[in-house]
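**Student:** Got chain A sorted already, so can you dock chain B onto it with the hints?
Line by line, the protein sequences give chains A and B. Just remember that the numbering used here sits 365 ahead of the position in the first sequence, which is counted from 1. Just remember that the numbering used here sits 16 ahead of the position in the second sequence, which is counted from 1.
Note that these hints are calculated values from the structure, not bench results. Just to be clear, a hint being listed does not mean it is correct.
Stated by the list, open to error - Take a look, some chain B residues computed to stay more than 10 angstroms from chain A by CB distance: (1) V23; (2) G52; (3) L54; (4) D86; (5) E122; (6) C139.
Unchecked claim - Label-pair restraints from in silico Cβ distances: (7) A/G493 with B/A66: 51 to 57 angstroms; (8) B/A28 with A/M501: 14 to 20 angstroms; (9) B/A28 with A/G677: 35 to 41 angstroms; (10) A/R683 with B/E48: 54 to 60 angstroms; (11) B/G60 with A/R670: 35 to 41 angstroms.
The beta-carbon is built from N, C-alpha and C at its ideal position, and this holds for glycine as well.
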Amino acid sequence: MHVNNVVVILVSASPFLLESFGLWSLLAFIVALSVVHSFVNYVPAILLGAPQEDNVLATLPGHRLLNQGRGYEAIRLTVLGGLGSTLFSFMALPFLYFALPQVYPMVRQHIPLLLTGVLAYMLWLEQGPRRRFYAMLVVLYSGALGYIILNYPLLPPQYALFPALTGFFGISTILTSLRLRSTPPAQSLAHERGYYPRGVLAGGVGGVLAGLLPGIGSAQSALLVQSFFRRSNEREFLVAHGGVNTAAAIFALLALYLIGNPRSGASVAAAMLIGEAELADFTFMLAVAMLASSFAALATLLIARAAIKRIGRINYTRLSLAVLAFLGLSIFLFTGIYGMLVAITSAAIGILAAFSGVRRSHCMGVLILPTIIYFLGV
Amino acid sequence: MRDREVVSLSLAIATAGLLMLFFAASIAQPREVSIGELTSAQLGATVKVAGEVMKVKNHEAGHVFLRIHDGTGEVAVPLFKRVAEDVDKSCLREGALIEVIGRVEEYRGELEVVPREGDEVRCLR
Numbered sequence: 366m367h368v369n370n371v372v373v374i375l376v377s378a379s380p381f382l383l384e385s386f387g388l389w390s391l392l393a394f395i396v397a398l399s400v401v402h403s404f405v406n407y408v409p410a411i412l413l414g415a416p417q418e419d420n421v422l423a424t425l426p427g428h429r430l431l432n433q434g435r436g437y438e439a440i441r442l443t444v445l446g447g448l449g450s451t452l453f454s455f456m457a458l459p460f461l462y463f464a465l466p467q468v469y470p471m472v473r474q475h476i477p478l479l480l481t482g483v484l485a486y487m488l489w490l491e492q493g494p495r496r497r498f499y500a501m502l503v504v505l506y507s508g509a510l511g512y513i514i515l516n517y518p519l520l521p522p523q524y525a526l527f528p529a530l531t532g533f534f535g536i537s538t539i540l541t542s543l544r545l546r547s548t549p550p551a552q553s554l555a556h557e558r559g560y561y562p563r564g565v566l567a568g569g570v571g572g573v574l575a576g577l578l579p580g581i582g583s584a585q586s587a588l589l590v591q592s593f594f595r596r597s598n599e600r601e602f603l604v605a606h607g608g609v610n611t612a613a614a615i616f617a618l619l620a621l622y623l624i625g626n627p628r629s630g631a632s633v634a635a636a637m638l639i640g641e642a643e644l645a646d647f648t649f650m651l652a653v654a655m656l657a658s659s660f661a662a663l664a665t666l667l668i669a670r671a672a673i674k675r676i677g678r679i680n681y682t683r684l685s686l687a688v689l690a691f692l693g694l695s696i697f698l699f700t701g702i703y704g705m706l707v708a709i710t711s712a713a714i715g716i717l718a719a720f721s722g723v724r725r726s727h728c729m730g731v732l733i734l735p736t737i738i739y740f741l742g743v
Numbered sequence: 017m018r019d020r021e022v023v024s025l026s027l028a029i030a031t032a033g034l035l036m037l038f039f040a041a042s043i044a045q046p047r048e049v050s051i052g053e054l055t056s057a058q059l060g061a062t063v064k065v066a067g068e069v070m071k072v073k074n075h076e077a078g079h080v081f082l083r084i085h086d087g088t089g090e091v092a093v094p095l096f097k098r099v100a101e102d103v104d105k106s107c108l109r110e111g112a113l114i115e116v117i118g119r120v121e122e123y124r125g126e127l128e129v130v131p132r133e134g135d136e137v138r139c140l141r
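Chain A with its partners taken away, still in its complex shape:
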């Protein structure tokens, strides 16, 4: 279940919850929920290949480290990025406080151009005409799928992206690893020591884009960040990716305060509870976010350690099949027969990317193309 689904339930129950717990407790709960989620959700994404919209791109480098017996290190790197970007956010706030109201309207006008540039850059990074052709095919197919599911009433809107993203990055990864009979080797808790300043900086900047700009969510921002790191730099990339989500959660609160534009599920909920955010509200939410990120870092590492110890003892093929069955059942229950069709189609596109040798991240066309079309007003 995504944090936004929990937030919807909380807001629906807010008349009762406000009476029982009060405004500030509920607000703190919602902010902490979004920050802690930005840390903890890397555990299933990396260990099981079961990502959500926000962390899909971390699944592949994370999985590579898992296959080297370094799954814990992969999760630890995302935690490092989350903590680093929390610090970055705090330091960048004074600058953004003054710059954002001036820059925001200008950038908003150029979103289609910016996203088209991102796509073109990603295609250019593929080597050779054959790979570029397949990459473009994956982008176009994913974009067509995204356009259908986001513009037609086939799926419940709150779960519209769930079957597509699960198919692209979860089901296709599991099916590929089953075909290759890949079982993660024995896992170690050892990790390389390092601070990865480039990763922290990239994560923070990515978070600024995701948290403040219309049309760019954590997924698109991570795509931009990813393009700055080659495969050899996957550790730096995981740090950056971990940073994007946490910084985005924090900057979304700033966007709510400065430009009155809630840019995340949690800030939409906060806006519903407090109306127009004032300095005192923003300061309170920021303090909660800082505290929550410290707690989340510890909790994620503890959960990852416990999970890593168990993953070596289980039959990975059986676990993969169980996860597949669980994903299939969840998709059917939440999105029905059309959701199943979307999942099968997106899994086929994900497998197409994997076996034609292009980055599976081109599947993010599912969000980018519909966003470009939306902002062009077509």
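**Tutor:** This is chain B only, laid out in the frame that chain A set:
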């Protein structure tokens, strides 16, 4: 199965899946809801609402902003220039009973139903 065969098979499945979804999308009907039922949980969903036009505001850029109510609540229906030009003009008056198919969106904390084409706004009276 060789890699090239997997690529061909996955391409065939993806194409067939997209074609089936295009077909399903072309015949899918939006859910009919009363205005009072609209909540932020439906953001992004396409719905059908019907109600009486309470207020019509013409913008100098050609946009028309309607406000409709149905007894359970009221909601804004912005018609952007391209859409407004294609809407039957008899719908754009106070007291007209209209049916609107549109996407649920939020603007400045308020829900609105935004049609994408002129024929998604229909006069009932």
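**Student:** Give me the numbers of the hints this structure contradicts, sorted from smallest to largest.
**Tutor:** Going through the list in order, the structure violates hints 1, 5 and 10 and respects the others.
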